[in-house]
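Chemist: Those protein sequence lines, which keep their order, are chains G and Y. Numbering that gives the first Met the number 0 puts the first residue of the first sequence at 0, with every later residue one more than the last. Numbering that gives the first Met the number 0 puts the first residue of the second sequence at 0, with every later residue one more than the last.
Any given hint could turn out to be false.
Here are some of the chain Y residues that sit facing chain G, going by a computed Cβ distance under 10 angstroms [stated by the list, open to error]: (1) 24; (2) 29; (3) 39; (4) 147.
Here are the simulated lysine to aspartate or glutamate pairs, EDC-like style, with alpha carbons at most 16 angstroms apart [stated by the list, open to error]: (5) 77/Y <-> 33/G; (6) 170/Y <-> 261/Y; (7) 52/Y <-> 76/G.
Keep in mind that the hints were calculated from the coordinates and are not lab data. All residues carry an ideal CB built from backbone N, CA and C; glycine is no exception.
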Amino acid sequence: MNINATLIGESIAFIVFVIFCMKFVWPPIMAAIEDRQKTIADGLAASDRAAKDLELAQEKAAAQLKEAKAQAAEIIEAAKKREAQMIDEAAEKAQAEREKIIASGHAEIESERNRATEELRQQVSALAVAGAEKILERSIDAAAHSDILDKLVAEL
Amino acid sequence: MAADTGSYIKHHLTNWSVSIGEGSFWTLHVDTLGWSIFLGLVFLLTFRSVAKKATTGVPGKMQCAVEMIVEFVDKSVKETFHGKNALIAPLSLTIFVWILLMNAMDWVPVDWIPTIAGLIGQHAFGMDPHDVYIKSVPTTDMNMTFALSLGVFFLIIYYSIKIKGLGGFAKELTLQPFNHPAFIPVNFILESVTLIARPVSLALRLFGNLYAGELIFILIATIGLFQLPVHFLWAAFHLLVIPLQAFIFMMLTIVYLSLAHEDH
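When you get a sec, could you build the whole thing from the sequences and use the hints?
Modeler: Below you can see the structure in the form of structure tokens.
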């Protein structure tokens with residue numbers, strides 16, 4: 000119960016213990032705790048960042064997909080247009096060809112007919128002359144009346 | 000029986016004293032010194048070994064336990080003390096764990112250590128076992144509790160003067176609570192009592208609680224066979240008292256030192 004020199008001894012022990020704790024115990028333990036806290040905080044931040052990155056990448060991928068779809072639609076549209084255009088062109092060409100062929104056919108027919116008409120006319124005039132010769136054998140001089148006959152032929 | 004009980008209790012409450020000089024002051028309580036230094040070394044060497052091996056990665060179980068205590072003290076300090084001081088946290092840790100360990104000696108059944116010491120004294124040194132005194136709870140010795148509280152007291156004065164200056168500290172002692180020149184003597188008496196009451200109350204609170212606890216353990220030990228369940232109950236109650244007293248001592252140390260750091 001009485002106060003005695005033990006007080007001095009305990010005070011010295013207390014001071015030594017506190018100094019030892021302050022120099023060799025507290026700092027390394029605290030440093031380890033704080034280091035770990037930092038590591039954990041960094042890890043959490045990194046995972047947050049990764050999640051954000053993932054979200055961004057997903058958004059980007061979606062945008063790219065959309066763009067690609069739009070491009071594909073555009074290409075298909077263009078191809079369809081081109082197809083229609085080619086069909087139209089081909090049809091036009093075919094039409095022109097047809098018209099050309101028809102026109103040449105017509106021209107051929109025309110020339111054939113003209114020739115035939117000419118031939119016919121010749122034959123008719125010859126026949127007419129022959130007929131008239133037979134009818135008017137004696138009175139008619141072919142040479143004298145050839146101008147009348149020519150006129151007749153021209154009228155046919 | 001009454002005389003027996005009296006001498007039994009007295010025997011348990013007497014320190015192993017060794018005189019080192021003239022007068023009753025120059026006496027050392029070898030048991031108090033031995034147990035307290037042993038327990039202090041247990042604390043420091045355990046924590047030091049963990050500190051040396053401390054990994055910043057996944058900690059082992061021992062490191063986890065030590066870190067829990069360190070973080071608990073660190074939190075208590077940070078909640079109360081807002082200045083920058085490299086001493087207060089390790090000081091609080093030392094006070095808390097050391098007092099906790101010393102108080103925990105209360106749980107060792109009261110007869111174990113004195114009986115073993117008596118047997119050693121009898122057979123190794125040829126002493127009468129009744130002359131072998133061992134008090135194994137250092138905090139039931141006022142020398143121990145006052146050594147702690149006076150250490151804190153000197154730190155209070157040191158930091159008061161360091162932070163506020165000698166004049167600031169003198170002003171704090173003389174111009175509060177009544178800020179008038181005429182009241183200086185009254186203020187000085189009031190403030191001095193407040194200041195001195197701090198180490199005294201710190202030391203006596205711890206000593207009183209543990210001494211009373213120890214005394215009741217000893218009294219229970221004298222009642223015969225029924226002491227076993229009663230001992231158990233009293234030890235279970237000390238589950239509260241032992242850490243609580245260590246915590247109160249630490250917390251009040253932090254509060255007093257943070258008051259010493261505050262400039263009014």
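Chemist: If any of the earlier hints don't hold here, list their numbers in rising order.
Modeler: 7
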